[in-house]
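2 protein chains.
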Amino acid sequence: MLKNDLLIRAAKGEQTDRVPVWLMRQAGRILPEYRAIRESLSGFKELVETPDLAAEVTIQPVDILGVDAAIIFSDILVIPEAMGLPYTMVEKKGPYFEQTINSEADLKKLTSTNLNLNYVFDAIKETKKRLDGRVPLIGFAGAPWTILCYMIEGSGSKTFSKPRGLLYKNPKMAHQLLEMITESTIAYLKEQVKAGADVLQIFDSWAGILDKKQYAEFGIRYINRICEEIDEVPITVFSKGANFSLGELKDLDCRTIGLDWHVDGKTAREIIGDEKTLQGNLDPCALYAVDDVLIQKVTEMLDEFGSQKYIANLGHGVYPDTDPEKVKLFIDTVKKHKFHQ
Amino acid sequence: MLKNDLLIRAAKGEQTDRVPVWLMRQAGRILPEYRAIRESLSGFKELVETPDLAAEVTIQPVDILGVDAAIIFSDILVIPEAMGLPYTMVEKKGPYFEQTINSEADLKKLTSTNLNLNYVFDAIKETKKRLDGRVPLIGFAGAPWTILCYMIEGSGSKTFSKPRGLLYKNPKMAHQLLEMITESTIAYLKEQVKAGADVLQIFDSWAGILDKKQYAEFGIRYINRICEEIDEVPITVFSKGANFSLGELKDLDCRTIGLDWHVDGKTAREIIGDEKTLQGNLDPCALYAVDDVLIQKVTEMLDEFGSQKYIANLGHGVYPDTDPEKVKLFIDTVKKHKFHQ
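Each protein sequence line maps, in turn, to chains A and B. Our numbering applies: residue 1 is where the first sequence begins, and numbers increase by one. Our numbering applies: residue 1 is where the second sequence begins, and numbers increase by one.
Chain A on its own, in the form it takes in the complex (with noise of 0.2 Å):
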């Protein structure tokens, strides 16, 4: 049983009290305490496949920061590794695929069934023990479209021109490869679940590079085929950019839209409509201004929201350089807003 159950709430459209709140990144990045973790080790990747410190990092906000949801501390790249191709997380420059697929014959390489990542959903339930019922734990994955990126390109790129080149050169093959990330994803989800995950989300980092009907074929498609496969627990969809889609995302098979900084929440509600809940949106660079200018605009994003069916949180994950005492303003701020109704 969860003491605090206010996301779960939120997110099955139920009435809360207060606006429940967290960040995006939260687990990793800004907090000291985690990254005296983070230097003790190897690199990224021993943490993530780690389960007691995966869990320990996970856990850090919810003591420290007070937010109403623990998200459990991974990668969304381990989807691809699982289905084989190996990546490694270079300092200061993000991950680096030393194989990548460039040719149909290469699908043939990959798994998409009895993937490995045990590593994930023990970490899942230590942290569920050591939550002991504190807060709900948020699983997630990456949206099939932002795994294929990573699968063609290999790497982080400022224009992904190899994967939506694909798209042009050869549609059916990335409807296979997204086929198999599909599958996989659904699978690696409903672990996570098993495990103790009592939210999910759907992180598509770069829906925003697509256009509005290739995101339909290519996007959205296969995180509906993800959404109405799962309905154990409530979803929620981040289609990071892609704005332009919010019509089409508002007939998901999921409870909870994310939304970026992009959007203003009067907007959102009035294209997605009264049904779904939705989450988000304050700027990270926000979290740099003083104290009054942030007050500011928390208070803006709320009175815009309002009060039921919505999660506060940022439109992009918390930026590393950000000062921890700023995040527990922003939580803060959110905890003891009145809403005037």
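One should not assume that every hint holds.
Since copy identity is lost for identical chains, a pair holds within one copy or between any two.
Unchecked claim - Derived BS3-like pairs: lysine-lysine, alpha-carbon spacing no greater than 30 Å straight-line: (1) Lys-172 <-> Lys-3; (2) Lys-328 <-> Lys-108; (3) Lys-213 <-> Lys-338; (4) Lys-12 <-> Lys-336.
FYI, nobody ran anything at the bench for these hints, they're computed from the structure.
Place chain B on chain A using the hints.
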């Protein structure tokens, strides 16, 4: 007198017999003839700063590809350099500024008058001489917001969290710097026109990282100042990623709005109205497609935009690994297209 004035006529909103076509980044990047010159030099900047060579690579796409305009080979970062922040272009990484603007005191180190950019004006003069009226020459500059991004961040960035943070931390300082950049840019563009530029384009490469309100205050406002000051030649404004602001860009005191590939021609025309000329917007990744698919995509684009008040282009600079034959096919498809009206 121009022998081919299609681009100028389209930019002025006059009737044209066919749609003019050129490509962003056509000068440099894709042609083997360009690479041969580039490889004989110490670096990118030597090419930018040598008028004779800059003129040569500016004209290559006119001779080889058959575009309806030349665009002067240069870089938007010559402005921050002339204002006092020298940069280097690091191979495969992009621009790097050793000094950046961190405080109001740093602003005093900058100059916004008597900028030494004669090498650009000399390149324009030399190009005009060699073009001998075959096609118009496009001059350009970065928009103040995009230039500020580099002056604050000091390099490319996934998030540009420093300049975005400044808008929250010290908006007054942001406005001061934007004023200085705007003043420099007006003088710079006026000199380009005196040297022979027939059309001007303002590139706001990082428009899309702001929200709509911020872009109005820190972006559009300064672009409009530039547009209001220059009435010698038609101006095109390309605010990449800022389709959320099309309804405001339509009121700019410029002739043409450049579009990225995230908006279709019909929607853009509906929002912007009938007054302005539109330019764009094929996804550069469509140039990776087989010929039939490429022809189909170009044809769809042309039919959406229509035959008048339209300049065919890509929705982003052509990517370096693009086959020049595909670029020729793009250009030829535009030239041969029959509109059914």
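Hint check results:
In this assembly of identical chains, Lys-172 and Lys-3 lie within 30 Å of each other by CA distance neither inside one copy nor across copies; the values are 48 Å within and 46 Å between. Taking identical chains as interchangeable, the C-alpha atoms of Lys-328 and Lys-108 are never at most 30 Å apart, the minima being 48 Å within one chain and 36 Å between chains. In this assembly of identical chains, Lys-213 and Lys-338 lie within 30 Å of each other by CA distance solely across copies; the values are 25 Å between and 41 Å within a copy. Within a single copy, Lys-12 and Lys-336 get their C-alpha atoms as close as 23 Å, which meets the 30 Å cut-off; across copies the closest is 56 Å, which misses it.
Checked against the numbered hints listed earlier, the structure breaks hints 1, 2; every other hint is satisfied.
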